[in-house]
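Residue numbers (this note's numbering), protein chains in the order written: chain A, 1 to 326; chain B, 1 to 108.
Keep in mind the hints are simulated off the structure, nothing from the lab. If you're wondering where the values come from, they're calculated on a predicted model, not measured in any experiment. Please note that the accuracy of each hint is not assured.
Result set (DSBU-like, lysine-lysine): computed pairs, CA atoms no more than 30 Å apart in a straight line [claimed, not checked]:
hint	chain 1	residue 1	chain 2	residue 2
1	B	Lys41	B	Lys88
2	B	Lys88	B	Lys55
3	A	Lys267	B	Lys41
4	B	Lys107	B	Lys41
5	A	Lys90	A	Lys65
6	A	Lys267	B	Lys55
Ranges of calculated distance between the beta carbons of each label pair, as one might list FRET restraints [stated by the list, open to error]:
hint	chain 1	residue 1	chain 2	residue 2	range
7	A	Arg156	B	Ser80	15 to 23 Å
8	A	Pro229	B	Ser80	18 to 26 Å
9	A	Arg156	B	Glu101	30 to 38 Å
10	A	Arg29	B	Asp81	18 to 26 Å
11	A	Ser299	B	Ser90	52 to 60 Å
12	A	Arg272	B	Lys55	29 to 37 Å
We put the CB at the ideal spot given by N, CA and C, even for glycine.
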Amino acid sequence: MDTSSAPGIAALASAFPAQVLGNAELYERFGYDPGFLERKIGIERRYVCGPDEAVSDLAVRAASKLFEGGAARPEEIDLLVVCTQNPDYKLPTTANLVQHRLGVPTTCAAFDINQGCSGYVYGLSIAGAMMRANGYATALLVTADAYSKVIDAEDRDTLPLFGDGAAATLLRAGGAGRLGAASLGSDGSGANELIVRGGGSRHPAVEGRDDRLRMNGRAIFNFMMRQAPRSVDECLARNALRRDDVDLFIFHQASRYMLESLRTAMKLDPERVPIVLEDGGNTVSSTLPIALERLGGVSALRGRRVLLCGFGVGLSWGSIVVTIAG
Amino acid sequence: MGLDRRYHRGVSASSKSALEGPDAMTTSPTVQKLAALLNEKFHPSAPPTAQSTPKSLGLDSLDVINFLFSVEEALGVAISDEVIAERKLSSLADFARYIDEQTVAAKG
Chain A
1 MDTSSAPGIA ALASAFPAQV LGNAELYERF GYDPGFLERK IGIERRYVCG
51 PDEAVSDLAV RAASKLFEGG AARPEEIDLL VVCTQNPDYK LPTTANLVQH
101 RLGVPTTCAA FDINQGCSGY VYGLSIAGAM MRANGYATAL LVTADAYSKV
151 IDAEDRDTLP LFGDGAAATL LRAGGAGRLG AASLGSDGSG ANELIVRGGG
201 SRHPAVEGRD DRLRMNGRAI FNFMMRQAPR SVDECLARNA LRRDDVDLFI
251 FHQASRYMLE SLRTAMKLDP ERVPIVLEDG GNTVSSTLPI ALERLGGVSA
301 LRGRRVLLCG FGVGLSWGSI VVTIAG
Chain B
1 MGLDRRYHRG VSASSKSALE GPDAMTTSPT VQKLAALLNE KFHPSAPPTA
51 QSTPKSLGLD SLDVINFLFS VEEALGVAIS DEVIAERKLS SLADFARYID
101 EQTVAAKG
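Taking the hints into account, I'd like the entire structure generated from these sequences.
This is the structure:
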């Protein structure tokens, strides 16, 4: 495959539930210091699914925006990857549901990947590799999560961070946002640091089991501060690049405090490390594509090189370089 | 939060004069390193002393997590939440004492 037909990001779209969880309600419930949620967490509002709203609904809405905007037609899709940790059902995969609802042909390969905040990088890498291997012209990567379904409503540490949302990324052979080599990693020794214990085969759903999200914030902070810079540098080395060769470092939008701490530790100028989580919060696997979209998407970033870095539950991480044609 | 940013910016963690007044003459080198680290990274709301606690210096819960991470990176001693609770570590002097113990034990 020559460079002109290499897999690349062609278009992006996102979708959120209608229901809003704003800061006023959180201040009232939990009594944070004034300004804490805006200045430290960096979030004004997060969107949460209603009781009858599921992840496939968000996924379909995000992908439909791409089709309605003319970026592609459903019948063009050769590959559909849905990245989620909150599937509609234990089985079948959410990708099967989304394929059918979007009217994507049955000849399309469709499957889920279960990854969290590194999921977008994993998804891009998988989709790009399958496009190359199988000669697919068009792929759709949908990241969609609804952590509100597993968050403990009384947990003042996690409730303000996460929001529900989805993003759809259209990949085309020859797409403008050309994918470079990725650096991916995993450290399951940290599995307990961010976990929903109940509902799987270890602890099937039984009344009284802990089926809510539990997070060790300190462990996650330490993990991010140590692993994200390594992941970035490993990815750059795989692409024979230096930090100076990258225009924008888009990190998983965990919280403003985490991003500013990372930015300071890596000695990166603020304008090279966007913080884009005020509206919507930490949407898990969707923060990276949502940030890309809010920065104007591939059309606004022409001629620039972007490094995407995701990290979180697993523990898991990944970085990938996207070079956008001028 | 109301952090006072007037106080000490850009002091390196290796500075030997991170404390002011009598404390500078009487406190351990480790307390001075902790004070320098606080000055450099967290712009405390008051000059750190051996008796200061992170909270009394205006650090919030996120800053404390970052402070403990920075201590581990700079001084090579991890201070777990369990240790903080069991040993009732509160002031810079408490933290310094624990760090010194662990450093000696590691050299063993």
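Against the structure, the hints come out as follows:
{"no.": "1", "hint": "B:Lys41 <-> B:Lys88", "in the structure": "holds, 24 Å"}
{"no.": "2", "hint": "B:Lys88 <-> B:Lys55", "in the structure": "holds, 14 Å"}
{"no.": "3", "hint": "A:Lys267 <-> B:Lys41", "in the structure": "holds, 13 Å"}
{"no.": "4", "hint": "B:Lys107 <-> B:Lys41", "in the structure": "holds, 28 Å"}
{"no.": "5", "hint": "A:Lys90 <-> A:Lys65", "in the structure": "holds, 27 Å"}
{"no.": "6", "hint": "A:Lys267 <-> B:Lys55", "in the structure": "holds, 27 Å"}
{"no.": "7", "hint": "A:Arg156 <-> B:Ser80: 15 to 23 Å", "in the structure": "holds, 22 Å"}
{"no.": "8", "hint": "A:Pro229 <-> B:Ser80: 18 to 26 Å", "in the structure": "holds, 23 Å"}
{"no.": "9", "hint": "A:Arg156 <-> B:Glu101: 30 to 38 Å", "in the structure": "holds, 34 Å"}
{"no.": "10", "hint": "A:Arg29 <-> B:Asp81: 18 to 26 Å", "in the structure": "holds, 24 Å"}
{"no.": "11", "hint": "A:Ser299 <-> B:Ser90: 52 to 60 Å", "in the structure": "holds, 54 Å"}
{"no.": "12", "hint": "A:Arg272 <-> B:Lys55: 29 to 37 Å", "in the structure": "holds, 33 Å"}
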